[in-house]
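Fit chain G to the known structure of chain H by using the hints.
Those protein sequences? They're chains H and G, same order as listed.
Mapping of the first sequence onto this note's numbering: residues 3 to 364, in sequence order.
Mapping of the second sequence onto this note's numbering: residues -7 to 466, in sequence order.
In case anyone wonders, no lab produced these hints; they're calculated from the structure.
Any given hint could turn out to be false.
[What the hints assert, rightly or not] As a list, the in silico DSS-like pairs of lysine-lysine whose alpha-carbon atoms are at most 30 Å apart:
| no. | chain 1 | residue 1 | chain 2 | residue 2 |
| --- | --- | --- | --- | --- |
| 1 | H | K315 | G | K411 |
| 2 | H | K291 | G | K394 |
| 3 | H | K321 | G | K411 |
[Said to hold, decoys possible] Residues of chain H clear of chain G, computed beta-carbon distances all greater than 10 Å:
| no. | residue |
| --- | --- |
| 4 | A86 |
| 5 | K209 |
| 6 | P236 |
| 7 | N239 |
| 8 | P240 |
| 9 | I270 |
| 10 | P284 |
| 11 | D286 |
| 12 | R288 |
| 13 | E323 |
| 14 | I332 |
| 15 | V333 |
| 16 | E349 |
Note that the structure is predicted; figures quoted are calculated from it, not measured.
The beta carbon of each residue, even a glycine, is placed where N, CA and C say it ideally should be.
Each chain is listed here by its residues.
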Amino acid sequence: MASATRGLLACSSRRASQIIARQSTRSCQRGLSTTAPLRDEEDRPKRPAAAPPSYKNYLPKGLDKQFEKEFNETQAQQLEALSAQLKHLNLDAAEEALRNKKQAIPWSKREHSEDNDIRNFRITGSPGFWAEGEPRMGPDEDFYGDDITSHGHGELELHRELREYARLAAWELPLLSHLAKPFELPKQPFRFRYTSYLGESHPAANKVVVEFAVADLPNLTQLQKDKLIKLAGPRYNPSTDVVKMSCELFDTLPQNKRSLAETINKLIKEAKDPKDTFADVPFDFRHHKPTVRHEFPKEWIMTAERKKYLEEKRALLAKTEDERLQGGNIVDGQKIIESALPFTTPEPEPVMVSGPRGKKLR
Amino acid sequence: MSSSMSLRGLSQLSLDAVSRSAIPTRSLMIAPQASCFSTSAARYANPTMKKKGMGAAPKKGVKSLRITKSNKDAAGSGKRPAPGERKAMRKRIVLSNDNALEVAGLQDLTAENALDASHQGKVRGIPEEAVDALRAVEAFKPRQGWSLFRRPAVLMRKETMELAQIMKKIESSEKSKKESKRIIVYGERMGGKSTLLLQGITMAFLRKWTIINLPEGQDIVNAHTDYAPLPGSQPLQYTQDTYTAGLLSQIVKANQGFLAATKVSAKHDLPLPLSKGATLKQLAELGAANPEAAWPVFVALWTELTQPGRPPILVGVDGLSHIMRESEYLNSNVKPIHAHDLTIVRHFVDLFSGKTALPNGGLVLGVTSGSNSPANSAIELSIAGAEARQSKSALPQWNPYKAIDQRAVECLKNVDVLKVSGISKEEARSIMDYYAESGVLRAQVNEGFVSERWSLAGMGNIGELERATVRLRV
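So that you can see chain H by itself, here it is in the shape it has in the complex:
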């Protein structure tokens, strides 16, 4: 009922009869709009034009007239109530009310302030920011202007954290030295690397990389080591003397590691094989480009002696230059060209003077 009145209120500029006629056919209305509805008559699904849908079709035949009568009565009552309410909206009535020092229609005091559709909505959990200022939440916390901002609190928190770590560094870290162990060479020269992606699936998760220095391999002569380097090919880094190999051929880490171990075993076995020592094959390091680091030359450093030497040199140069200048031994190209060119006095160029128009000059 209330929503119905609200809907009617929304289109109060129309005549009541028109409203009702519309109300029976369409449920949705747009308020206070003069534009035609976007969907035109032609767009609507065609219905049999003769029989507009009516409650009559759903009623037994005997009840028909009686219901019509009742319906007219209820409609009349509704209209009366409506016109009474609409009286407030009438401009003259509003002015009259103002004259009588009456307030406008108090919307909040209306009985049905809540909408039917949201009546059953309950607030659960913490109210949050959007509930602030709501009367049922009670008054806001009082702020008397005696606290710093949240950003300031953040800064303070940061400072506290720093102090905590400073305390740790001062008191706890020195104790770590008790846990230090002397360095021991690893038992075997191979360094394996496995990569964990922290539970995520990754295509390289099963990859194993091994590095070993050729010089660290036991029981190999120099010739055998050389052969091993030649066999390793581009996996060998001549700057660091390290062979680096990897395997991701198989699905699991252990399989890949086993494959690497087998390859290394094969390599060492081949390197030890004296049948062909590869002594005639030169090392091929074309795959490796050593990084060149240029040092600042020692001779260029500006020491006190060098400064003195340079100053003396410059002074000597200036002196000889001055002597040359005094002795007239400095060649000046500009002067030479000027003196070499034939001397000519600038002659005034004859200028043609025009006589009066149409007359011959004499």
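Leaving out everything else, chain G in the frame of chain H:
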């Protein structure tokens, strides 16, 4: 609705306004519209030219579409240079410039003082007869700046004096055991390598040496001249008759005095008859005139030149890296012929490697080029090795995986090197004085100016110095 109506009405109104009233800015465009009923403009207009192409359709059999330019049109647009004229222009060498000033105190090199150490750091003129010889052996190069000055003069730089010292040593060596020297001249681009060869030839000419110069290595191997297999050679060698004939004529021009004064002493097997008691000049001219006999004549001439008691020989080649690789010539199996299988190159290479001795002493100069030189790792290796030998450091390790010409390596195994680097500031000052006195440098040549230009020229690269002082004047 009403608003759109009113808008349309407004726009129509404005259109009307445009069409009716002549707005000043558009009056030119609108005027003919305004007087569209008048025919006077058209009637009094000048008679227009008859439009081209508006005539009758082309007749059958007449070619109306001409895509290619006819020869008539091309000939009419100007005189075309004759064949070879453009190249002659490009290769033209101008050795004097009348607009340049005569340098007052310019001393010439003479036969007596040519090898003196007193020339160090001075600019010296090249005497007239030496210029002719140098021109004959093509020692002047087209891109050098000779045309800027009144007459050719050279700076006697440190490297020149080193060369002079070497020549002095060769001259003063004992008669029974004459010394000979084989040198690669190398250095950065525009550094003066070819000019150093020119200076060497000048000094040799003045000291009455015999001069044989191969002016450009590329010209020998680029397959622009004819070639033929040398009968009876094993492995097969190839002669270049036309080139050899040209070389013989150059030798005649450069060594005229000595060749004319000396008679053929040994018996030679020549395909052409040579009169008895003929001079070496006649012998060489015989080869120059008859290209088919050029190579035997060259061999005979060389035999004569290496007879005891003859003067030392200077052999020079410019563009060394061209003749230390495969040539552009093809053999009967359509495989490239190695440059060392060409007889002239082989002759030079044997001298350069020391395989053929110079019994009367001499100097073999191989000059690399900075601007026209194919990458040649053999020369690089030999230069690195020679430098290591000279500085007594460890010999360089050669990368076995880099392609290298083994024959070139064999040839260049034991040659000396002479590096042509930048000139010193004193030398730069001397040459800049010369520039200023020639009237091509309009500046006072003082310490600051010299230092500035010397630095601009990449620490005294002489070609760049000439550029920075004379050619590019800002």
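Going through the hints against the structure:
For the hint linking H:K315 to G:K411, the alpha-carbon distance of about 28 Å falls within 30 Å, and the restraint holds. With a C-alpha separation of about 15 Å, the suggested pair H:K291 and G:K394 falls inside the 30 Å cut-off, and the hint holds. For the suggested pair H:K321 and G:K411, the alpha carbons sit about 33 Å apart, so the restraint of at most 30 Å is broken. Remark: the non-interface label on H:A86 is consistent with the geometry, its nearest Cβ contact in chain G lying 38 Å away (cut-off 10 Å).
The beta carbon of H:K209 is kept farther than 10 Å from every beta carbon of chain G, the shortest such distance being approximately 31 Å. Non-interface call for H:P236 relative to chain G: holds, since the shortest CB-CB distance, roughly 13 Å, exceeds 10 Å. Against the 10 Å criterion, H:N239 stays outside the reach of chain G, whose nearest CB is about 17 Å from its own CB. Non-interface call for H:P240 relative to chain G: holds, since the shortest CB-CB distance, roughly 13 Å, exceeds 10 Å.
Distance check on H:I270: its Cβ is at least 26 Å (rounded) from any Cβ of chain G, clearing the 10 Å threshold; non-interface status holds. Its beta-carbon lying about 4 Å from the closest one in chain G, H:P284 breaks the requirement of being farther than 10 Å from that chain. Consistency note on H:D286: stated as away from chain G, yet its beta-carbon is not over 10 Å from all of that chain's, at 6 Å minimum. At the 10 Å boundary, the C-beta of H:R288 falls inside the reach of chain G, the nearest C-beta of that chain being 6 Å off.
A beta-carbon of chain G is positioned within 10 Å of the beta-carbon of H:E323; the least distance is around 5 Å. With a least beta-carbon separation of about 6 Å from chain G, H:I332 fails to lie farther than 10 Å from that chain, contradicting its non-interface assignment. Not every CB of chain G is more than 10 Å from the CB of H:V333 (nearest about 5 Å), against its label as outside the interface. Consistency note on H:E349: stated as away from chain G, and its beta-carbon is indeed over 10 Å from all of that chain's, at 23 Å minimum.
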